[in-house]
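Chain B: place on chain A using the hints.
Line by line, the protein sequences give chains A and B. Under the numbering used here, the first residue of the first sequence carries the number 1, and numbering increases by one thereafter. Under the numbering used here, the first residue of the second sequence carries the number 1, and numbering increases by one thereafter.
What the hints contain is simulated information worked out from the structure, not anything from laboratory work. As the structure is a computational prediction, the values presented were derived from the model and not from experiment. Each hint should be verified, as a subset may be incorrect.
Said to hold, decoys possible - Between beta-carbon pairs, the in silico distance windows are:
{"#": "1", "chain 1": "A", "residue 1": "Asp292", "chain 2": "B", "residue 2": "Tyr359", "range": "38 to 48 Å"}
{"#": "2", "chain 1": "A", "residue 1": "Arg263", "chain 2": "B", "residue 2": "Gly264", "range": "23 to 33 Å"}
{"#": "3", "chain 1": "A", "residue 1": "Arg263", "chain 2": "B", "residue 2": "Ile269", "range": "53 to 63 Å"}
{"#": "4", "chain 1": "A", "residue 1": "Pro295", "chain 2": "B", "residue 2": "Arg207", "range": "42 to 52 Å"}
{"#": "5", "chain 1": "B", "residue 1": "Thr217", "chain 2": "A", "residue 2": "Asp9", "range": "49 to 59 Å"}
{"#": "6", "chain 1": "B", "residue 1": "Arg387", "chain 2": "A", "residue 2": "Gln223", "range": "17 to 27 Å"}
{"#": "7", "chain 1": "B", "residue 1": "Lys31", "chain 2": "A", "residue 2": "Asp292", "range": "49 to 59 Å"}
Yeah, the Cβ is synthetic: ideal placement off N, Cα and C, and Gly gets one too.
Number of protein chains: 2
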Amino acid sequence: MASEAAVADLLLALAVIIVVAKLFEELISWKGYPPVLGDILAGIVLGPSILDILTPNIVEELDLLKWIGIISLLFLAGMETKFTEFMRSLHHSFWIAFGGILSSFFMGYAAGFLLGYPQPTCLFLGAVLTATSVGLTVKVLSDIGAIAHPIASSILGAAVLDDVGGLIVLGLTVAMVSSGGARIEDLLVTAGVAIAFYVFLILALHRSSAGIWRWLTRLGHLQDTIISILFAITLIVAWASVKVNLSLVVGAYAVGLAFSEVRGARAVIERFSLIPNIFSSIFFVLSAAMIDIKPYLTHLEYLVPIIVIVVVAIASKIIGCGLAAKLSGLSIAESLFTGVGMIPRAEVALVITSLGLAYGVLSDEVVAGVIILIYVTSILTPILLTRLWRIVSGRKG
Amino acid sequence: MASEAAVADLLLALAVIIVVAKLFEELISWKGYPPVLGDILAGIVLGPSILDILTPNIVEELDLLKWIGIISLLFLAGMETKFTEFMRSLHHSFWIAFGGILSSFFMGYAAGFLLGYPQPTCLFLGAVLTATSVGLTVKVLSDIGAIAHPIASSILGAAVLDDVGGLIVLGLTVAMVSSGGARIEDLLVTAGVAIAFYVFLILALHRSSAGIWRWLTRLGHLQDTIISILFAITLIVAWASVKVNLSLVVGAYAVGLAFSEVRGARAVIERFSLIPNIFSSIFFVLSAAMIDIKPYLTHLEYLVPIIVIVVVAIASKIIGCGLAAKLSGLSIAESLFTGVGMIPRAEVALVITSLGLAYGVLSDEVVAGVIILIYVTSILTPILLTRLWRIVSGRKG
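Isolated chain A (complex conformation) (with noise of 0.2 Å):
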């Protein structure tokens, strides 16, 4: 009963969220747009800038289940996404991503020269916008049934190469930036170990997948034991990536690709679809309600810099990816819908913010606009991709 009593309102909080947010899905889908519209909204209403309802201390406490949604939530794409087709579009992945940081990080940097902003906070701004959040995208692709065409290999190829090439961009700022000295070699390390354990990762899980799996249907003679075993392996490898400075959707998206054509992966995704349908509703609930909004919009002098950061962090990533993509031979609509499902930001360019201010290169303003623009990106890419989407697909809206 202590625990019991102690846990009650988190319940109780969990169920406020998922009721929400699943009308909200339905409302939004009856309109026409991907249900994780719905769940961003939903996190905007209950959140501090309008409800208020899903305070920091529930939000805090709800971490994990967030985490446990996004998690389950990109095994199943990367189960969707198939091995062979993530590799046949590697290299449209590696020039998108390429393209993508290039640009981002370079209109990052012109526009905090633009700005007025001395030459550290322009390249820490260059990496704030540098950094995709991919876990928005996966959800839409898969909300409108785009999920297993080539295009979601090369987007999420991207977003992949693109999680590894922030981690060299912000090691690189910072060593510009601070003054113990540049330090190239720790970064060379870092990046390298990163990418070494992704290749190796991937590789390995995939070419021993057909045996793991042989193994686990001659064990697993109860109800479940395959999924959750499984399921256990995801959530090793996603903390195995955040340990060498991956983010942890990378690693559970390198799990499902890895699994993604074992024998019975069609059964697998079809069962373990309703854990990711609960829970990342949870994670893009409270992604969108992590922050009040409302002392950023009304400090009038803001406004200039969040319009600029705003506008440059969308168009560099449609420019740099969408070129990228084109010159590696996508159609222009194809290419267009490439960069707009990178335009996401989300929780890691917070936290480079944060390491900005850290270093006392980044002001409240930056902050304001990294802010403006994780919301202005979670509402923009959903319509986009879905308007995009029936270009690409070739279906009249």
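Only chain B this time, still in chain A's reference frame:
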């Protein structure tokens, strides 16, 4: 990344729990015992008594997941036992609960008297032994395929009534032990509110279940909207149950029961079962990993009280519930099965014990007895129920 890094180690712990639990489950079920016994053993192995991997901090951080596990299990059990069956067995349930409470309270009191304890301690010991924890029995019934049998309804109904009855016994005990006057009125109000809430809840929810279901099927066009909202309703009722001093599992069971006869019940059971299959393992592992039992076993002077408490606690429920079951018309094997189904004690007994410590009427040797009791019943219940089920169901071992 900030939040990701903080959560990474929990993900690893979670993965370890799931893998070890599932391996033990498979092993145990291969030996012919219910998988949940594997979870209990996994918890003992991983917990502070042996490997000490699951530190108190981890156990605490995973608290919410654990409760989600047991809530989802009880919701499923409610769906599977069927409302009509529950109502039909209610008179059995009443006498079983009544017999068990009476017998365990008075035998607990007598045990205290034999051990030479003062009267307040005897009273509290009686109250401690009253509280049956039904989670384990539910899982065993489900594991051995007995959950849809009328006897499961009798036992689960008795467990629900035991929760209300335990509330009354505890209230009376505290009133007698505490010096601040009897306050029997407060107790009657508390118990009255709990009973009224539960009866109203279960009847109202069941009465409106067909309507809610129709509304849900009309609303829910997206995959798993219906299941998500049913789950949210369960969480809300669990919360409300705690608020009226009932256990949250009792509330979760009521929701499952109320919806057990809607048209899509079978499909919900089939799909939803993934959640308890993953998360209830976490509940049982963490419950068994809660306490380091070594210090209690090394005190030789505790040996006699421990043995007396464990034997009396087990015997009193088997005798009280079994006799009542027999008198209300069940066969000898069924009555024994019922009695054994009511022996598990868990957190509630521990909470009442802490309350007794706080009132200064219980000592460390009683705490030791209750803790060993929890472990003994956790291991004994699955084994005994499995063997008895072979007789009750008329199957050969």
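Now for the hints, and whether the structure bears them out:
Taking the beta carbon of each, aspartate 292/A and tyrosine 359/B are about 45 Å apart, inside 38 to 48 Å as hinted. Checked against the hint of 23 to 33 Å, the C-beta distance between arginine 263/A and glycine 264/B comes to roughly 30 Å, which is consistent with it. About 27 Å separates the C-beta atoms of arginine 263/A and isoleucine 269/B, a value inconsistent with the hinted range of 53 to 63 Å. At roughly 48 Å, the beta-carbon separation of proline 295/A and arginine 207/B lies within the given 42 to 52 Å, and the hint holds.
Our hint of 49 to 59 Å for threonine 217/B and aspartate 9/A is violated, since their Cβ atoms are close to 31 Å apart. At roughly 23 Å, the beta-carbon separation of arginine 387/B and glutamine 223/A lies within the given 17 to 27 Å, and the hint holds. Against the hinted window of 49 to 59 Å, the Cβ-Cβ separation of lysine 31/B and aspartate 292/A comes to about 56 Å, which satisfies the hint.
When each numbered hint is compared with the structure, violations occur for hints 3, 5.
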